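Visitor: Sequence order for the protein chains is X and U. Take 4 as the starting number for the first sequence in my numbering and just add one per residue. Take 4 as the starting number for the second sequence in my numbering and just add one per residue.
It is worth saying that the hints were derived from the structure and are not from the lab. None of the values given here were measured: they were computed from a predicted structure. Each hint should be verified, as a subset may be incorrect.
One copy or any two copies: either way a pair holds, since identical chains are not told apart in the list.
Straight-line Cα separation of at most 20 Å, DMTMM-like style, residue types lysine to aspartate or glutamate; simulated pairs [unchecked claim]:
{"hint": "1", "residue 1": "K194", "residue 2": "D349"}
{"hint": "2", "residue 1": "K111", "residue 2": "E355"}
{"hint": "3", "residue 1": "K280", "residue 2": "D239"}
{"hint": "4", "residue 1": "K268", "residue 2": "E187"}
There are 2 protein chains.
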Amino acid sequence: MIALDEMGRRAVTAKYMLQTLTEDKKNQALLQAAKGLQEGAEEILAANEKDMAAGRENGMHMGLLDRLRLDKGRIDAMAEGLRQVAALPDPVGRVLEQWERPNGLRMKKVSVPLGVIGIIYESRPNVTADAFALCFKAGNCVILKGGSDAIHSNMAIARAIRGSLGRAGVPEDAIQLIEATDRETTAAFMKCKAYIDVLIPRGSAGLIRAAVENSTIPIIETGTGNCHIYIDETADVTDSVNIVINAKTQRIGVCNACESLVIHKKIAGAFLPALQKKLAQGHPVEIRGDEAVCAILPEAGAAGPEDYGTEYLDYILSAVTVNSVEEAIAHINRYSTHHSEAIVTDNRENAEKFTREIDSACVYVNASTRFTDGFEFGFGAEIGISTQKLHARGPMGLPELTCYKYVIEGEGQIRQ
Amino acid sequence: MIALDEMGRRAVTAKYMLQTLTEDKKNQALLQAAKGLQEGAEEILAANEKDMAAGRENGMHMGLLDRLRLDKGRIDAMAEGLRQVAALPDPVGRVLEQWERPNGLRMKKVSVPLGVIGIIYESRPNVTADAFALCFKAGNCVILKGGSDAIHSNMAIARAIRGSLGRAGVPEDAIQLIEATDRETTAAFMKCKAYIDVLIPRGSAGLIRAAVENSTIPIIETGTGNCHIYIDETADVTDSVNIVINAKTQRIGVCNACESLVIHKKIAGAFLPALQKKLAQGHPVEIRGDEAVCAILPEAGAAGPEDYGTEYLDYILSAVTVNSVEEAIAHINRYSTHHSEAIVTDNRENAEKFTREIDSACVYVNASTRFTDGFEFGFGAEIGISTQKLHARGPMGLPELTCYKYVIEGEGQIRQ
Chain X
4 MIALDEMGRR AVTAKYMLQT LTEDKKNQAL LQAAKGLQEG AEEILAANEK
54 DMAAGRENGM HMGLLDRLRL DKGRIDAMAE GLRQVAALPD PVGRVLEQWE
104 RPNGLRMKKV SVPLGVIGII YESRPNVTAD AFALCFKAGN CVILKGGSDA
154 IHSNMAIARA IRGSLGRAGV PEDAIQLIEA TDRETTAAFM KCKAYIDVLI
204 PRGSAGLIRA AVENSTIPII ETGTGNCHIY IDETADVTDS VNIVINAKTQ
254 RIGVCNACES LVIHKKIAGA FLPALQKKLA QGHPVEIRGD EAVCAILPEA
304 GAAGPEDYGT EYLDYILSAV TVNSVEEAIA HINRYSTHHS EAIVTDNREN
354 AEKFTREIDS ACVYVNASTR FTDGFEFGFG AEIGISTQKL HARGPMGLPE
404 LTCYKYVIEG EGQIRQ
Chain U
4 MIALDEMGRR AVTAKYMLQT LTEDKKNQAL LQAAKGLQEG AEEILAANEK
54 DMAAGRENGM HMGLLDRLRL DKGRIDAMAE GLRQVAALPD PVGRVLEQWE
104 RPNGLRMKKV SVPLGVIGII YESRPNVTAD AFALCFKAGN CVILKGGSDA
154 IHSNMAIARA IRGSLGRAGV PEDAIQLIEA TDRETTAAFM KCKAYIDVLI
204 PRGSAGLIRA AVENSTIPII ETGTGNCHIY IDETADVTDS VNIVINAKTQ
254 RIGVCNACES LVIHKKIAGA FLPALQKKLA QGHPVEIRGD EAVCAILPEA
304 GAAGPEDYGT EYLDYILSAV TVNSVEEAIA HINRYSTHHS EAIVTDNREN
354 AEKFTREIDS ACVYVNASTR FTDGFEFGFG AEIGISTQKL HARGPMGLPE
404 LTCYKYVIEG EGQIRQ
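With the rest of the complex left out, here is chain X:
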């Protein structure tokens, strides 16, 4: 096992090489890595079987076991993901702005890689390949720290990619995987500021909080989504019901799912029973509401204040009634995690007020919050969804994995 310091030094050496790769060379390496994953399928599947056996032994849930499981089809999908990233435009070397100063200096703002990106993740082993591909295409080295459940799978995937990079004439250290899975290593990883430019934690709220509190590396917070939908006085009831059901139930455990309804008092009597009726036809959803909600829906339970701030990731929905769009905005800005919120309305003015005053990464008018996603946005890729304001907000694609530098050319200018 390689020490963190040594991995850091290797990454820094590799990052300077990566920054000089042409788009062609990067794409060739990605295609080679895709091939390498498919050719190494047997080895990857054998490693995955070790993780699966350990999972079964530890009594891992069926759902988690399914997330962990790889098969030929899933490896093909991983390889296909790499090919798709190869086909995306290179985000590096774009001239973002250029101008000339009165003293003749020619100024250029150019997009460049971030450098070394650290990623801590707890999820499926395919993230190992996906995260590498995005970081690499944007000219970055990546150091990955996956979960212990998938360690053998992750190691096999990283090994296959490293071998392919070597064959493509590109530094293998473009991807490094931390093999230790203890918490001490994670804590030490968060302090490797000397080598790592940006740290992206992807996973549970606990992981994100640990990174916020302990990392000395600048981080991008991802993921937590207590998303609201506000049903305005003039909303179309059918649209409202469809949007809420889609946002709540289409996928239950995702950050862009709706967790809380805010309902104008004047429409609550028409909307809530219609919602309840349609919900009854699908998976049951428990509604926890304020007094007005409970008066209209006898099935609803009483919401406590902690409900309004909770990301359930479950078949539960909190609901509160308000007298105006202003009250709705105040409630949402107070309880939201600033991820995604929607208004359903026929009132142009209220829609504009809502989109202007709601302080969230993505604000929707008459659409489901479930669209907050790099692919749905048309980015062709996604490394995560940022819920902080620094650097990137909302779905992050390739351009969000770059920064910029200024290149200034003169003829001997000195400052007066």
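Since the structure of chain X is already known, use the hints to place chain U on it.
Guide: Quick look at chain U alone, frame taken from chain X:
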């Protein structure tokens, strides 16, 4: 004295109001604040006299005393700074990108304020007014924590501005100043993540390090500059000497001053004596070089490896010789703080290699590193110079005090 928590809550309330202010209203408030500073000059000068008296009593250096001192002219200059910020274009509400998705969703990426900005600074009292003006124009609330040396001056300035904001019908809490000056308060301030969106520490390396290690709020690192100038084989000797002297001696204590020379071996014999000769005509500068440098310049001292990584902020310059532009780039990327570096050359290819491979915020060809400055870049303002890669790099003007959100409009779209 108001508790930090209470200040945080006030800032959050004010930030939502600020986000809805029109450009006109913001400009009127800035002009009112400028007037308020001039009308309150007497009170501000009396407060400043208290700080000056304490400084003299504590044996403060002449240079620091001069930085601390306010007079009528300096207050006028502060007011003029506010008026200049009022005249700059509003960075908020710009549509940065817009596109339509195949499902009909209309996507817009719009610039918005960051929210609440915390600034910790150790410098002159005019920063109180400057930092407020920039944050405010970009629609942000600011909570300021100045140094204890200037506390009375800072309080008087903040009071004058708050009064003016009230008269302009704008929330006074757009600017709040922390009156406690102990380290415990600073440490607690760095943990106010619930209220503050971004923290900008401006000051000594020690302050920046403390913020990196302790802040749970996303920070923007500013300031440290171990800036290099590389004299390439084909450099014009006269240009090289002029640029180095300007970058080293024009202002000694600033982050964009040159601290280290990297010299191609083939030009060292012509360049170094010419530099020494010109330096002898001005303020003496101590040169600490490698063997080759010392062989050419008998006056030079021997550089230790710690010299190459030191930001002297003094009349000292380290110097190392290299055999190629590649060696120069490797040396600089190793020792630099990634602030500003320059190449002096007549070789187009080497210039391009240098600007492509040097990993710094600002990379110059044939110009002084002293141009790294918001005003010199033409930004019309500057809140600091970022040396990190997340969010902003190099001089930060008004746009760097904003982030963005996505506004998505549909007609009932749900995700498939």
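Visitor: Next, verify each hint and record whether it holds.
Guide: Results for each hint:
Proximity of K194 and D349 under a CA criterion of 20 Å is satisfied in neither setting, with 50 Å inside one chain copy and 42 Å between copies. In this assembly of identical chains, the alpha carbons of K111 and E355 lie at most 20 Å apart only when taken from different copies (13 Å versus 36 Å within one copy). In the homo-oligomer, the alpha carbons of K280 and D239 lie at most 20 Å apart inside one protomer (16 Å), although the nearest pairing across protomers, at 82 Å, exceeds that limit. When the C-alpha separation of K268 and E187 is checked against a cutoff of 20 Å, the pair qualifies neither within a copy, at 52 Å, nor between copies, at 47 Å.
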